[in-house]
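Starting from the known structure of chain A, arrange chain B on it as the hints suggest.
Same order as they appear, the protein sequences are chains A and B. Quick note on numbering: my numbering labels position 2 of the first sequence as 2, and the sequence is numbered without any gaps. Remember, my numbering sits 1000 above the position in the second sequence when you count from 1.
Fair warning: there could be bad hints in the mix.
For lysine-lysine, the following DSS-like pairs were computed, each having C-alpha atoms within a straight-line distance of at most 27 Å [unchecked claim]:
no.	chain 1	residue 1	chain 2	residue 2
1	A	65	B	1494
2	A	65	B	1476
3	B	1324	B	1412
4	B	1410	B	1324
5	A	16	B	1324
6	B	1505	B	1324
7	A	65	B	1324
8	B	1335	A	65
9	B	1527	A	16
10	B	1335	A	13
11	B	1405	A	16
Which stretches of chain A does chain B cover? Using the computed rule of at least three CB atoms under 8 Å from a CB of chain B, they are [to be verified]:
no.	stretch
12	15-24
13	52-58
14	65-78
These are calculated hints, taken from the structure and not from any lab test. Here a beta-carbon is modelled for each residue, glycine too, at the ideal position from N, C-alpha and C.
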Amino acid sequence: MAQILSYLQAHAKVLKWVFFVYLLGTLLFDFLVERHHPHFWGDSVIGFWALFTILGCLGMIVFCKGLSHVWLAQREDFYDSEDSDNDE
Amino acid sequence: MMSSTIFLHPASYFILGALLLPIFSRFKMQKVVLLAVPLLAFWQIHALPESFGVCNFMGFELVFGKVDKLTYVFLHVFTLMALIGAIYCLHVKETGHHIAAFLYVAGSLGTTLAGDYLTIFIFWELMAFASTFLIWYRKRKRSIEAGYRYLLVHTAGGLILLAGIFLRYQNCHDLSFTRIAVEGATMADYLIMVGFMLNAAVPPIHAWLPDAYPEATVTGAVFMCAFTTKTAVYVLARAFPGFEMLAVMGAIMTLYGVGYAVIENDARRILAYHIVSQVGYMVCGIGIGTAMAVNGACAHAYAHILYKALLFMGVGAVLEMTGKSKLNELGGLYKRMPWAMVFTVIGGVAISGFPLTSGFISKSMIIAAAGEDHRIFLLIMLSLAAVGTFLSVGIKLPYFIWFGKDSGVKAKEAPWNMNLAMIFASFMCIFLGIYPEYLYRMLPFPVHYHPYTAYHLSETLQILGFTGLGFYLMVKYLHPEPKSNLDLDWFYRKGALVFMWVASKPISIANDWVGEVYRTVGLRFTKAVAKALSWFDWEGIDWAVDGSAKGVVQGGDKMRTLQTGKIQQYVGGAVAALMIVLLLVVFL
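Isolated chain A (complex conformation) (with noise of 0.2 Å):
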């Protein structure tokens, strides 16, 4: 098992190129597809879902990973080290 692994890592780039021939293929399979019950404007548009989904993981990354950095992080002792200033 670890042996296959390491063989993968060693062949990155392939692995990199067969990623995005895949990314490729789901945008060919939606203008095959047929499509019986829409259920919104979207689920018409081909290449819908693959924009969604790329702009809303990106824009997700972007506002969460920054409201934690300006806001919502703490050490992670955070609540402890206030106990302890209690107790001294």
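Positioned in the frame of chain A, the structure of chain B alone reads:
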């Protein structure tokens, strides 16, 4: 209850098993009980009549067993999960841990089978108390503290539920647990709903979950991730389908949980936040309330229990073997724990809804139900959460544990029983994906949904592929940092500090002052009175006064030694008392 009907109830097997465990562990036969009880219960649920265990208690009709298809699908997955969990914790030696897990499962099964609110409340509280011990058994300072917070939050939730039950009884003198109509819902019903929502971890009352689960024991977390929230999903699905509020809150939950899962560092905290997200799908499905949506919620609960437990087991195996669960301290483990990786990735793939896994056939049902009901906004939110799911749990979590930068952490493969449990859960995830009819047949309403359509496949392949692209582009930015993020538990954790400050400073000063006054004035006064009395009555009854004074002094001493000041012992005593009451109620 008649003794013959006691053994109809699957929860009684777990309670009996919990009682027998200490005896069996003396003879080193603990493992027999651990496996036999869930197996018996799993077999027993097929033989349940529609109604059983009806008894009269102080004028209230308690219904311990009421079974229909909605009950059955949850019983099926709960007992199956109890079996997988029992296999996973076979190596744990502490009998108390197993007892807590069994009582926890019993609480969950009891709630699921209950036909009236009082019975629900009894088992609801059993669940909360028993699961607290699964946190405490980790025995670290943080876990002890997190356990108290968990218990306090659930006690508060239980009180809200109880208030709703009382109000409801006052309003309509009917405590039977049935569907509540949206139009006729009163204050009482909403209080009950809030009590249920707390256990379902609906924001803003969700923070107990990511606070407590990462602090639980490795095996305890596997049980906890399955039962508390999904029991809440069951009671919501029973009583509150079609409540618009739930649909909106559920959709918010899916994004809220996944957003935190993207930024958190501790693997089990990521998974805990992700429970909030996944339960959001179910709550949303219940809120939409159509037959397809409720079916989807049940199917998703079933599938989710298995793959989320699988993920907790995989990450738990790493924690057990390396002592670490933080992503920034892990990395490059694929050479040392490849099997744990395979199982965790199967869980991650299933939760992300890859074709041929259980997520593909369950999650899509809720999203499709939102579409059929023309809730486009909900559909978009749920789809976006699916993107975040694959990003955080499907890719980020395995990547930074097993690949990424090699941390050099030493590790071996997990014990055989842990791997066996993970094989079992992995099998179920793939089996349900290949053969969805197995699950669809159990759902409460007839299913007219076909997951394997060309369009659904195309949509899923795009979502998965382009999420992968997003991760590939942003992998540097997503690098784990040794931080944890603030959440709404800030209010009660900081609020508690304010309370502690008030208690330790002004109140304690006042207390000292009163004490001083009592010592100087009160004590002398008492002594003086005693002296005066003994002097006054010394002829006839001074022995009585002296005797009683001595008695008071001795009694005071005894009281002082009884009060150890250790809250653990008080809570332990209270729990023991509650258990005795519960057993009496269940068995008499």
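Structure-based check of each hint:
1. A:65 <-> B:1494: Given that 27 Å is the threshold and the Cα spacing comes to 24 Å, the pair holds.
2. A:65 <-> B:1476: holds (12 Å)
3. B:1324 <-> B:1412: holds (13 Å)
4. B:1410 <-> B:1324: holds (11 Å)
5. A:16 <-> B:1324: Violated. Residue 16 (chain A) to residue 1324 (chain B) sits at ~31 Å, over the 27 Å cutoff.
6. B:1505 <-> B:1324: The given pair, whose Cα atoms are some 39 Å apart, is violated under the 27 Å limit.
7. A:65 <-> B:1324: holds (23 Å)
8. B:1335 <-> A:65: The given pair, whose Cα atoms are some 30 Å apart, is violated under the 27 Å limit.
9. B:1527 <-> A:16: violated (90 Å)
10. B:1335 <-> A:13: holds (21 Å)
11. B:1405 <-> A:16: holds (18 Å)
12. 15-24: Contact hint for the stretch 15-24 of chain A vs chain B: holds, 3 residues under 8 Å.
13. 52-58: holds (count 6)
14. 65-78: holds (count 10)
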